[in-house]
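Protein sequence lines, in the order shown, are assigned to chains A and B. Residue 13 in the numbering used here sits at position 13 of the first sequence, and the numbers go up by one each step. Residue 104 in the numbering used here sits at position 104 of the second sequence, and the numbers go up by one each step.
These are calculated hints, taken from the structure and not from any lab test. Keep in mind that a hint or two might mislead.
As the list claims (entries may be wrong) - Here are the simulated lysine-lysine pairs, DSS-like style, with alpha carbons at most 25 Å apart: (1) B:LYS125 x B:LYS149; (2) B:LYS91 x A:LYS55; (3) B:LYS54 x A:LYS55; (4) B:LYS125 x A:LYS55; (5) B:LYS126 x B:LYS38.
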Amino acid sequence: MAWSFEFKSGLLWAIVVSLLVAVAIWAEVATHTLLPLLIPIVGYIAFAAGVARVKK
Amino acid sequence: MGAAELYLIGLRVTHFIAGITWIGLLYYFNFVQVPTFKELDAPTRSILIPRLVKRVLLWFRWSAVVTVVAGWLYFFSWWAVSGYFPFASGKAPPTGTWDLAITAGGILGTMMLVNVWGLIWRNQKKIIAATEAAAKGTPLPPEMPMWAKQALIASRFNTVLSWPMLFFMASASHLAFA
Numbered sequence: 001m002a003w004s005f006e007f008k009s010g011l012l013w014a015i016v017v018s019l020l021v022a023v024a025i026w027a028e029v030a031t032h033t034l035l036p037l038l039i040p041i042v043g044y045i046a047f048a049a050g051v052a053r054v055k056k
Numbered sequence: 001m002g003a004a005e006l007y008l009i010g011l012r013v014t015h016f017i018a019g020i021t022w023i024g025l026l027y028y029f030n031f032v033q034v035p036t037f038k039e040l041d042a043p044t045r046s047i048l049i050p051r052l053v054k055r056v057l058l059w060f061r062w063s064a065v066v067t068v069v070a071g072w073l074y075f076f077s078w079w080a081v082s083g084y085f086p087f088a089s090g091k092a093p094p095t096g097t098w099d100l101a102i103t104a105g106g107i108l109g110t111m112m113l114v115n116v117w118g119l120i121w122r123n124q125k126k127i128i129a130a131t132e133a134a135a136k137g138t139p140l141p142p143e144m145p146m147w148a149k150q151a152l153i154a155s156r157f158n159t160v161l162s163w164p165m166l167f168f169m170a171s172a173s174h175l176a177f178a
């Protein structure tokens with residue numbers, strides 16, 4: 001995979017979302033609720049909205 | 001072997017086979033097809049897109065659905081068989097390594113599925129339709145590079161995200177982090 005804009009964008013967002021999942025799992029253990037699992041979902045929505053705004 | 005065990009192993013094997021198909025095709029797209037297509041001229045690509053790419057995408061998107069549906073069915077069935085269901089019982093969610101690792105991997109895998117249908121397939125079907133129309137004389141739409149770019153970002157994202165997803169899935173039974 002070339003070091004392109006598409007790869008850099010995908011890599012950056014995948015790292016962000018993975019970190020958010022790790023935080024959510026830690027928070028799930030700390031709070032004993034499933035609510036923190038919404039954190040990475042919000043992160044993913046931000047990614048999808050960002051991609052939808054990408055033009056040529 | 002009881003009915004419950006047969007049901008669970010059936011889901012597990014289905015999840016594995018569909019998952020291998022899905023991620024295998026994802027890696028094929030990213031490591032083989034995208035660089036190869038860059039080397040091909042437009043007429044050759046227009047022959048391959050409606051035939052090869054269309055067929056690959058059919059297996060790709062439906063194997064993604066089967067993988068995620070079978071995975072979550074297994075997860076919640078396992079909770080039910082184990083007498084645990086937080087939504088029904090009001091209990092705190094289980095915090096064992098297996099539950100946490102599968103939850104993390106499942107969330108990542110579900111995001112990848114949404115990407116497949118919401119970004120990759122949504123853009124690729126426009127590209128396929130435009131390519132088929134171009135073969136009949138209709139000029140290619142100016143939005144084509146934008147569709148390709150959006151699909152490629154989502155595909156790159158899925159490729160990188162598959163690594164932590166598989167790490168969590170594999171560590172469920174092989175790494176004690178909780």
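Query raised in the report: Which hint numbers does the structure go against, in order from smallest to largest?
Result: 2
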